[in-house]
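2 protein chains.
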Amino acid sequence: MDLGVLRDQIDDIDKQIIRLFEERMDVAEQVARYKIGCGKPVYDPVRERSKIERAKDMATSSFNARGVETLFNQLMAISRVRQYELVAEAHQDNFGFEECNGDHVGAKVAFQGVEGAYGHQATLGYFGKDVECYHVKTFEDVMKEVHEGRADYGVLPVENSSTGIITDVYDLMHLYDNYIVGEYVVKVEHALLGLPGTEIDQIKTVYSHPQGLLQCSRFLDEKPEWEQVSLQNTAVSAQKVLVEQDRTQAAIASPAAAAIYSLSVLKEKISDNDNNSTRFIIIRHKKEYVKGADGISISFELANAHETGSLYHALGFIIYNSLNMTKIESRPIQGDKWRYRFFIDFDGNIGEAPVQDALRGMAQETINFKILGNYIQVE
Amino acid sequence: MDLGVLRDQIDDIDKQIIRLFEERMDVAEQVARYKIGCGKPVYDPVRERSKIERAKDMATSSFNARGVETLFNQLMAISRVRQYELVAEAHQDNFGFEECNGDHVGAKVAFQGVEGAYGHQATLGYFGKDVECYHVKTFEDVMKEVHEGRADYGVLPVENSSTGIITDVYDLMHLYDNYIVGEYVVKVEHALLGLPGTEIDQIKTVYSHPQGLLQCSRFLDEKPEWEQVSLQNTAVSAQKVLVEQDRTQAAIASPAAAAIYSLSVLKEKISDNDNNSTRFIIIRHKKEYVKGADGISISFELANAHETGSLYHALGFIIYNSLNMTKIESRPIQGDKWRYRFFIDFDGNIGEAPVQDALRGMAQETINFKILGNYIQVE
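The listed protein sequences derive, respectively, from chains A and B. Per the working numbering, the first sequence starts with residue 1, numbered consecutively. Per the working numbering, the second sequence starts with residue 1, numbered consecutively.
Treat the hints with care, since some could be wrong.
No distinction is drawn between identical chains; accordingly, a pair holds when it is met within one copy or between any pair of copies.
[What the hints assert, rightly or not] Taking lysine to aspartate or glutamate and the EDC-like style, the derived pairs with C-alpha atoms no more than 20 Å apart in a straight line are: (1) Lys-137 / Glu-268; (2) Lys-144 / Glu-222; (3) Lys-56 / Asp-8; (4) Lys-204 / Asp-246; (5) Lys-204 / Asp-141; (6) Lys-15 / Glu-53; (7) Lys-137 / Glu-225; (8) Lys-223 / Asp-141; (9) Lys-137 / Glu-222; (10) Lys-287 / Asp-93; (11) Lys-15 / Asp-246; (12) Lys-35 / Asp-2; (13) Lys-269 / Asp-201; (14) Lys-287 / Glu-365; (15) Lys-35 / Asp-93.
Hints are computed from structural coordinates only; laboratory data are not their basis.
Only chain A is shown next, with the shape it has when bound in the complex (with noise of 0.2 Å):
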């Protein structure tokens, strides 16, 4: 047969097709009014599972019933998305999430590390060089300030552009209680610190964060002589330079500590990758966004991880609503062997009826679901 006759044939099919789902669209408007006009829920998973079943079996190959349950799937959240948004006029649900002016005016801040480390830089640089912060040890102990209060914000590093997630922090956004309320991009210039007229041929030893030493491997792979220490950040291995007065010794930071611990830089930009940044987040122990946030970060395990498509399942959530996926991490969950807990990053704002109804979905679809925080992203 020719191939024009049977396109021909396709644009005819596609026409009824549409005709079809706008008549859908209709008559699932109704329903909806009907529900809001007496309180009853918009999504009836139950009802949903046996309509999918029922219009499986109608199909006449199992080629065409996967195809059917993928199609209805699709056709009953895109109902929803348009009931929702009806509900939405009616009652706002934002998940306890409330809308603030964002202002931190007094506010004080908690950041891992010590002063010159990039943590310290994401903090003035996110709330402005007259802040009111202090440094804590470890990444928990930021967790643990802004959960018990003594802190309004904590500043977390999540993410380097060459060497990835911040594992670590990952484990204790799902563990606290605590929320994303905005990011900052820090850029990171790594230089190697000794102390004033050390020369590069004395080192024996260099300090850094796992991180710093992770990031400059290169240049780190050329020295196999020497001894990789690590240390809690890069600004706290400056300071031990500076402190031990050891010409063997350097550390891999910022030229910003160098200038704050009295180091030379023995040699600038070491990183392996010359566009090299951190991403920040902002934490506060409340659920909260700003008017304009702008993207949504979640968590979630899967009750079957095993089961086909279900992960898939859960991803269509977003994508049905129109929603743009920008990240999807996973993390070994502690004590599973090999089950895994999720997190996803995409484009919207909580008081959105499309992203109400892809969180609602998930909600209901995963387990343990967290959401993370809705935030205006860098870029």
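Dock chain B against chain A, hints included.
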């Protein structure tokens, strides 16, 4: 109007939609057979785009236009999966992978670390106690030994059940023309090792691989005064304690390393999680798989990471073929800020049609697609 009446109307519309969907699949199959007959490619993104635009124009509201767009994207993706199935029937294509019997008698094997390290344990466990094996210093050295033919096989850790993936190995797997032919899981039982007669109170410095330090972080958090020094691997750390004969030093390594380096176990089972395992991959510079291989690893990037649903769309090829995805990871692409490369594992053998269909689809619709290997999974 009555809810039951509305639901009957929806059922009636759905019946018609299913009938039209099946008709559309029939015609699309004829188009596919025609295309296969004259060697034309299945995927024609320009034609699909213009088709969707025309479909949207037929909708009578902007909401419905968005619904039509989503629906037709899905419809065409389903058609394409069927078309790739037909292509797979016409041309068997193992993507250059050859079935082999997995015989490795007389093989030379390279692993990272020294004797007594977990990599050594994995090598002996997979190949047997009599294997001819030797150690190299870094993960990349293993890649090079195998790639340049000095070793027939290499052994590399890819994931720990507590700390997650070993990111460097993922990055190297994408870079080097080597392939996974097997996997092996080693139970990790970290212990604190020291010179015989050492008391824990005497210790000032502890050596280990960064992963070893990370996996014992709860134990180490109680010893904030200890200096934590990162070395190449756990066994090198044990060796250092033996060589330096200094009772202020300890190593975190396996009890097996204690035996090899004449050290005492000062404290056993210090891992955060006593269900701690490391998964190793066995690599070759050859595209081969054994009969019964049931796990496939792939990597790819997205042409447009910020296009709604592009990852979802790529995953659809796995799901529509009823394959079970077991793992997804993303890694930043070096030098390309906030863009990611994805690593996915799913169940299957490269000789099977649904697997070939999924691979063909993803190969066409992602960029820098690589099949990392097909091997027998542990557990």
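Outcome of the hint check:
no., hint, result
1, Lys-137 / Glu-268, "neither (27 Å within a copy, 27 Å between copies)"
2, Lys-144 / Glu-222, "between (40 Å within a copy, 17 Å between copies)"
3, Lys-56 / Asp-8, "between (27 Å within a copy, 17 Å between copies)"
4, Lys-204 / Asp-246, "both (10 Å within a copy, 19 Å between copies)"
5, Lys-204 / Asp-141, "neither (32 Å within a copy, 23 Å between copies)"
6, Lys-15 / Glu-53, "between (26 Å within a copy, 13 Å between copies)"
7, Lys-137 / Glu-225, "between (30 Å within a copy, 13 Å between copies)"
8, Lys-223 / Asp-141, "between (34 Å within a copy, 16 Å between copies)"
9, Lys-137 / Glu-222, "between (31 Å within a copy, 13 Å between copies)"
10, Lys-287 / Asp-93, "within (13 Å within a copy, 53 Å between copies)"
11, Lys-15 / Asp-246, "neither (79 Å within a copy, 81 Å between copies)"
12, Lys-35 / Asp-2, "between (49 Å within a copy, 11 Å between copies)"
13, Lys-269 / Asp-201, "within (18 Å within a copy, 40 Å between copies)"
14, Lys-287 / Glu-365, "neither (22 Å within a copy, 39 Å between copies)"
15, Lys-35 / Asp-93, "within (17 Å within a copy, 50 Å between copies)"
The structure fails to meet hints 1, 5, 11 and 14 from the earlier list, while all remaining hints are met.
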